[in-house]
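Taken in sequence, the protein lines are chains W and D.
Numbering-wise (my numbering), the first sequence opens with residue 1 and increments by one.
Numbering-wise (my numbering), the second sequence opens with residue 701 and increments by one.
A couple of the hints might just be wrong.
[Unchecked claim] Restraint-style ranges between C-beta atoms, simulated for each label pair: (1) I72/W x G1345/D: 49 to 55 Å; (2) V592/W x I761/D: 51 to 57 Å; (3) A208/W x K741/D: 51 to 57 Å; (4) L589/W x I774/D: 53 to 59 Å; (5) V592/W x A1010/D: 40 to 46 Å.
If you're looking for bench data, these hints aren't it; they were derived computationally from the structure.
As the structure is a prediction and not an experimental result, all values here were calculated from the model.
Yeah, the Cβ is synthetic: ideal placement off N, Cα and C, and Gly gets one too.
Protein chains: 2
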Amino acid sequence: MPNFESILFIFILASSVFALLFALFSTRKVLRFQEGTHMMKHISASIRKGANAYLKRQYSIVSIFFICMFLILICMAAFGLLTWFVPFAFLTGGFFSGLSGFIGMRIATASNSRTANACCEGLNRGLRVAFSAGSVMGFTVVGLGLLDISLWFLLLKFVFKLEVSAIASAMLTFGMGASSMALFARVGGGIFTKAADVGADLVGKVEAGIPEDDPRNPAVIADNVGDNVGDVAGMGADLYESYVGSIISASALGVAAFGGDIKAMALPMMMAAIGIIASILGTFLVRTKENATQKNLLRALSRGTNFSAAIIAIAALPLVWGLLGRENIGLYFAVLAGLIAGVLIGQSTEYFTSDTYRPTKNLAANSETGSATIIIGGISLGMLSTVLPILIISVCVLFAYFIAGGISDTNASMGIYGIALAAVGMLSTLGITLATDAYGPVADNAGGIAEMAGLDPEVRRRTDALDALGNTTAATGKGFAIGSAALTALALMASYVDKVSGIEGGAEKIAHLDLMNPTVLIGLFIGACLPFVFAALTMSSVGKAAQSIVLEVRRQFREITGLMEGKADPDYAACVDLCTKSSLREMILPTVVAIVVPVLVGLVLGCSGVVGMLAGATVSGFLLAVFMSNSGGAWDNAKKYIEAGQHGGKGSKQHKAAVVGDTVGDPFKDTAGPSINILIKLLSMVSIVFAALVVHFSIF
Amino acid sequence: MPNFESILFIFILASSVFALLFALFSTRKVLRFQEGTHMMKHISASIRKGANAYLKRQYSIVSIFFICMFLILICMAAFGLLTWFVPFAFLTGGFFSGLSGFIGMRIATASNSRTANACCEGLNRGLRVAFSAGSVMGFTVVGLGLLDISLWFLLLKFVFKLEVSAIASAMLTFGMGASSMALFARVGGGIFTKAADVGADLVGKVEAGIPEDDPRNPAVIADNVGDNVGDVAGMGADLYESYVGSIISASALGVAAFGGDIKAMALPMMMAAIGIIASILGTFLVRTKENATQKNLLRALSRGTNFSAAIIAIAALPLVWGLLGRENIGLYFAVLAGLIAGVLIGQSTEYFTSDTYRPTKNLAANSETGSATIIIGGISLGMLSTVLPILIISVCVLFAYFIAGGISDTNASMGIYGIALAAVGMLSTLGITLATDAYGPVADNAGGIAEMAGLDPEVRRRTDALDALGNTTAATGKGFAIGSAALTALALMASYVDKVSGIEGGAEKIAHLDLMNPTVLIGLFIGACLPFVFAALTMSSVGKAAQSIVLEVRRQFREITGLMEGKADPDYAACVDLCTKSSLREMILPTVVAIVVPVLVGLVLGCSGVVGMLAGATVSGFLLAVFMSNSGGAWDNAKKYIEAGQHGGKGSKQHKAAVVGDTVGDPFKDTAGPSINILIKLLSMVSIVFAALVVHFSIF
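Looking at chain W on its own, in the form it has when it is part of the complex (with noise of 0.2 Å):
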């Protein structure tokens, strides 16, 4: 019986699975290239094996987690209060999370070295290695998130033969799994990498006077793990969580809006899926000349996502057209509306981050006044920063609202769908927008392996230019990440309003979500806070790892002779292990607040109170995630503007007041900031698998 619904559902698993092809495909095209010297392979070895092992005790301990959770979850649904899908569907959003990191960390710690040697052959070279390995990133993301939205959608439907409504309301519920799952992925990695990286810039670069990635700094390795699992596990399983959270959140409220129309409910599936294709056609577009300049690099790269992008907003008019019909186009436009405020965000974070522009040029020139000034600058930078994206977000949510067809208050629920579908949007072209992102850290890791296993200083040249623009798409990136986290947020926040007032007793408890009552306000003010602490511990943690580091060094320093002349080999292992401890130490404790607390929340301010704290939380967490992204990317490109020969360039009294503004940079841009991405979506997340359980036992 292949129905038009059928052939729907066949093509999105078909795209899902040709993501994934493609992801092999790329993979065996990564693979062909050459490891390079026994020097190379021998640093690569030791990069994958540090990244393995943190690994390897991350997924341990978060299994317990899981584990907990998942009889937790199972004894709410002997109670009634869960259906029995919830507990796996938790599972399985957890699992695939967790493996989108992990094959990216794998691809990558196999290219870093295959990266360098390419170089050494050509800038063109170098990049196709890089970007393929970013590809298999990307696409392995996008594949696995439809792959998980649509295996479970067939199964919900065809075996356990569910109405659409009741599957909408169980898919919410994956959600859930996934985000814990980038929670740990981006907090525990974001702690190691930045650990790493301070603790080897403090000891390394700014007592010892020894250059970047020499090998003679016993964190070396460490730190150049730190890059395979804080930025590209982190971020995979980051970006599996925005991508599938942005997805399901809008077929709920697809569902919703038109009434159990299974048409509406497939809509942002298509589009990822449309989504998917585009980006495989894009990525054939990225090439350049082998005496590229980074201008032509940047142009190769914009040549390939705007490409997928101008294909998407081409597709998606018949698409929205053919499903809903006519009458619906203004879905089209809320659609088109994402795509152009994702683009928009990320010129706005290139603008305050890049040195091409004044804001950074000026942040730079704070250093003629030492540490004090950059910082202070780097800061208001950061908040200043704000305004942009948030009159960007504003506009969209705003007309994605009402062209939709919320204007009147009887097709509120279509303008919801619009919000959501506006994050669907700004997502869809993830698979390219990944790629491009990822290549970041393994051309970084190339240099560092250049850089260790000596090779001429023209690869690391070319290894330099790859990396700097690694660091502007790693702008645009979170542009996207941080504007659909808040869009997704927003659209959560609506599906946890339809959620409670599905449940028995549930309507009345939601009757009063003005801002005029108390419960709502406090949870406005508890829900702005978590942000904060959440940063604050985030950040901490990075302190106390990093401080463990610098000791490490120092010791070894100290007790290692030769090492300072070459002489003999640092104990990489054992920064190594202590980043893996210290890092897998301290990421448990945020994760919990944040799954505990709107548990908590709930149970004392009741439902209002909880969409009082999914409200701040979005709002306090959409800024401080742009303020410290963006103050971090530019005390980063500060410094590198700097060290171009600026303001007295390498070395100078400006350019130590410089690597003190990045350092400072680093947990902010690299561990605070991306994971706070993810904390506000799971924070509804948690609330709606928990909503049945607040409405019936909950004070107010």
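Following the hints, put chain D in place on chain W, whose structure we already have.
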């Protein structure tokens, strides 16, 4: 016809006059002390001259603003969008707010050398002078505040014979004048003081290696002037605004809750009147032994404040009972909740910023690994320190709301009145808490004079003891300021809703305040962004101004021969002038933003958007203010802790790292943090004043 109400208002008026007389009495007490040596007189005169010159120019710029606003308000009144009283009330609010700052500054600059001189004779004598100077400020603020309120009340009631509800509504708009003036004073003064401080420290301490307050430093007079124009005049205007704002919003909400009962309007004013008497009594308990330790000093001050608080806690019970009857006794507990919450927030601030507790001790230990880790540590400390205040305020709001009778919906306006009364309770001891707070900058100045005039090191030790204590009382004072700002802002939000409902066509504009309304959500985003923008603008202003000071000081060191050897005098006036110019230039933009944005948001998003904006600004402003104040305070005290001999002591690497932290913390705690408190109230005030305009002309 001296009926009961008239007696009430005569009592209120009398208390305000009594406060002013007590301020006069304290002034005469201070002026009886000797100014000391010729040198001390000379230095004190230079500081006074600089401060006067600054204030004169500040007031002339501010007057232009006030004239413009006055004309705008007159036009609005002419179009029937305001009553004719508002423009004049706006002027008096601004005038009295400025006057409070001016008087405080005059007495502070007259007592710095007297305090230094008194410290030659003994600690207790020094404390008495400094505390008396602080008292002048404290009682001027509360006296002028209550005077302004009661004069307007009498005028509106007995001359213009308005209805009680019309009086309450008209009086609400006073606040805008006071808040605008306060914001100018806080921002301008805050930029001045921190630019001078940072500039002086960066070149003097860090580069040239000369001690703080060394007369060879060209910025040293500017630094001392800054203490007066920022920490004294700025704080005076600020707390005048808080005090008046909390009383008038509570009065207005009382009228709404009790359907026009004048007694409900009088209650907050009576609370303030009793607070004045209790505070005056408390001041007589502030005295200590000659050989007093830090602990004795602190105990002396807290004896005074605790005694005052106890009197209020006792006297408020019969007051509430007598005015509003036994059935409304819940309001008494709301007042009490505010009083206790203020103390608790102060204690939480102390825990996080005093070097007798773990957080600041750990922060100081971060200095071992350099300035980057101490910055990361301080930021995460500040962010984490938001949790307790958030919880305290949450419990206070919920308790005050429900105890005041807001459990069922019909009594929601009583609940809101309860929240407003909690704010009044928190600020009722302002007379004495401000006295203990304002004495800090006097002691700080005295120390500077002792240093510059080359007095016996023992004198400096004594002024340092007074100053260190000032840091603790300042922390407590900040707790009150922040907590009351949040409560008052919530009350003003409710007043706004009331106000709009009272305007023709307003009720429907305010009907949908729930969080699923996109205009509310967008308002929330924009409102939450404002404190970030504001902090960014003020901090970058400090950075810019400080840089110009650094360059000027370096120039003088370079060009004036014999300066470092102490053979030639630096050009102090040049630095004072530079600070004046740059801080006045920089104070305009942030204030204009705070006034224009609420009107714009209203015109675009409508009244529901404004409510969202106010909620967002209150929540994120509260968090940012607590975070920034506590980070700044902890850095300051971590530095002092190291200077006291821990972690290598003065001059060590660790100390240098701590100085960087302290320098970053300066604009955090003394410019951005306190300004945000005013900002969140000014936004509400502006919204209230422009409510009619928005109701008639908004898009949504």
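Here is what the structure says about each hint:
1. I72/W x G1345/D: 49 to 55 Å: holds (51 Å)
2. V592/W x I761/D: 51 to 57 Å: Roughly 52 Å apart at Cβ, these two residues keep to the hinted range, so it holds.
3. A208/W x K741/D: 51 to 57 Å: holds (54 Å)
4. L589/W x I774/D: 53 to 59 Å: The hint (53 to 59 Å, Cβ to Cβ) holds, given that L589/W and I774/D are roughly 58 Å apart.
5. V592/W x A1010/D: 40 to 46 Å: Given about 41 Å between the Cβ atoms, the range holds.
This entry satisfies every hint, going by the numbered hints stated previously.
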